[in-house]
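Novice: Sequence:
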Amino acid sequence: MIDLIFPDGSKRQYDDGVTGKAVAASIAPSLAKRAALIKLDGELYDVDRPLPGGGHFEILTRDARESLETLRHDASHIMAEAVQELFPGTQVTIGPSIEDGFYYDFARAEPFSLDDLASIEARMKAIVDRDEAISREVWSRDEAISHFKSIGEAYKAEIIEGIPAGEDVSVYRQGGWKDLCRGPHFPSTKFVGKAFKLTKLAGAYWRGDHRNPMLQRIYGTAWASEEELAAHLHRIEEAEKRDHRKIGKAMDLFHLQEEAKGMIFWHPKGWTLYRTVEAYMRRKLDADGYVEVKAPQIMDRVLWEKSGHWEKFGKAMFTCETEEGEVLAVKPMNCPGHVQIFNHGQKSYRDLPLRMAEFGACHRYEPSGALHGIFRVRAFTQDDAHIFCREDQIEAESTKFVKLLESVYRDCGLELHAVKLALRPELRFGTDEVWDIAEKKLERAAKNAGIAEVELLPGEGAFYGPKLEFHLRDAIGRTWQCGTLQLDYVLPERLDAEYVAEDGGKQRPVMLHRAICGSMERFLGVMIENYAGAFPLWLAPVQVTVATITSDADDFAHRAAQALRAKGLRVELDLRNEKINLKVREHSLAKVPVIAVVGRREAEEGKVALRRLGSDGQEILDLASAANLLAMQAIPPDVAANGVWGAGGADSASSAGQ
RNA sequence: GCCGGAUUAGCUCAGCUGGUAGAGCAGCGGUUUUGUAAACCGAAGGUCGCGGGUUCAAAUCCUGCAUCCGGCACCA
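Using our numbering, you'd call the opening residue of the first sequence number 874 and step up by one each time.
Straight-line alpha carbon distances no greater than 27 Å define the calculated BS3-like cross-link-like pairs of lysine-lysine that follow:
1. Lys-1114 x Lys-1134
2. Lys-1313 x Lys-1185
3. Lys-1114 x Lys-1464
4. Lys-1122 x Lys-1452
5. Lys-1313 x Lys-1276
6. Lys-1167 x Lys-1273
7. Lys-894 x Lys-912
8. Lys-998 x Lys-1063
9. Lys-1379 x Lys-1220
10. Lys-894 x Lys-998
11. Lys-1051 x Lys-912
12. Lys-1067 x Lys-894
13. Lys-1051 x Lys-1022
14. Lys-1157 x Lys-1320
15. Lys-1119 x Lys-1142
16. Lys-1276 x Lys-1320
17. Lys-1314 x Lys-1293
18. Lys-1142 x Lys-1122
19. Lys-1157 x Lys-1273
20. Lys-1073 x Lys-1063
21. Lys-1185 x Lys-1134
22. Lys-1142 x Lys-1440
23. Lys-1119 x Lys-1134
24. Lys-1063 x Lys-912
25. Lys-1114 x Lys-1142
26. Lys-1276 x Lys-1314
27. Lys-1157 x Lys-1276
28. Lys-1440 x Lys-1456
29. Lys-1314 x Lys-1179
30. Lys-1220 x Lys-1273
31. Lys-894 x Lys-884
32. Lys-1179 x Lys-1167
33. Lys-998 x Lys-1073
34. Lys-1073 x Lys-1051
It should be emphasised that the hints constitute simulated quantities derived from the structure, not laboratory data.
All chains should be built: construct the whole structure from the sequences, respecting the hints.
Specialist: Pasting the structure below:
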């Protein structure tokens, strides 16, 4: 007998081997009909699967939040069945649920077309209507291998061959179709419903390895109800409008062109934004005890060989050859340059920790397929710094850095999405003992810095050390590594960095490589998408547009613009012979935070009518107070926070007169 | 780099099964002096990404290349 504890706390006994469905039926037959999954002590089971033991027992319907992943997984199976019905000879491989949906990878010589998605989707709905029973079977490994081989499913057979001999595998039967799967699944296809849509067609390497054949991946999204599906599709549609490439074009921030692939032409407004963020970052670094340097853009290949970069990344470096036959490389990163500066002259333990920063312009010959708007480019600027320190300073420096990073993201309105710890890669320098220490220290540093959850990424570290990655999200939810903190025992060794210790002996410093924005370009892209171009006052490329209603106000408009500029505000003047409606519309679409309207009345009274982006109210203020108010509100958050300027500005912003 | 898709005016896009291009907005010229999200009129603007081929005829069909987009791989 087993004891089951129900959500209401009651306890009942059942026979060994009872299924979740039978338990449901013992409570109410209607419940057994609706049961989609069983949750036992936090684990999910098929309703028809005998329970392995007692515990906290819960019946989930298809609409339960925890059922959604299974619904999506089921949808991927239904898609696979549909594809094999419509396209005989197509092999199935793997098809998991993912955030918001699912995908399945197929092997087929012919490419699927976008039109095929519609017919696959229609067939999926037919399979749901057929209400095929889904049942779990346990097969021996060898039996499963020969079965899948016999029906021409080489990839499935290969997966099972990777399972240790003697182990059993579970196979799910879905009508007449079978798939190797761990489960769990709903009892039948009708439970999945029809709130799904196939969204994307893509290539994907078998087992994620570029040496393997390329499969065809079909992505879909699936939800418990049509309403949720519609809401999701609408969200995506809205999010796509925030794409930094669209906004960059619409707001005239930057452009890219064929002759400089992956390199950005910053236009005046975009460059203003860039400089504003750079100036902010520079203040943050200055305040946090960094010194700023500038190293050469091009250095002899010999140095890159010494650092080890040439071996691993030589092919991805831009190089040139001089007439004397030297091979020079455009710097792909800043570390070796900074070590040269560190090595110049003698360093004492008293100089440590030495935090050496550079807005380092780097060039990398990134693979063509990797380029992506301004997120992934071939010419970019890192807000880079290297902290040379003693081992016993690693922890404190890490904590200090994480605090700085968090304050920057907060000021810039960004939410840290995930922190990951990339561990030793296959191709690396340094002994395993050093890696053991470095990985452990970095993990502890993250914990001590208050990072609650760190996802481990085996094999993804830098060749010289493990790295913490700080990920942000773009408009449609893709994540991008921006901040990083890397612990490096290798480069100081390879590039002979040393300092004089207290006892007069030479010691190797440890290097912390760190960046907060990662690349200024990527960071700005993320900010553009997060704000949808509607930047807070301190960041907006144009902070105020003074717009006239009649040409009688031109003189005063000039004076107003001048008065605002005198307070350090970025001001444009719109004296065009156009209606105020048009001007308001255009500057609103251009995401200018404040429109200062001046008509005949304002000109006579020496006032401006301020209209804030996103509100249709006006504040009518005399010119001097408007200038003071806006200047106060445009103070960057780091400057405002240090208290010198007072913090009174924010309130008056919200008291806009209607 | 790999798989798929796209590429037409400054921008956003239309152009069916081949008959040598069209709209809206912007820009330009004019009229309008206007009160908080699009005033009106007019003229103009295109090697249809680039190269090759099929055809009497190609934006349209075939082919090679480039770039971009969606993924995959890569990311010091």
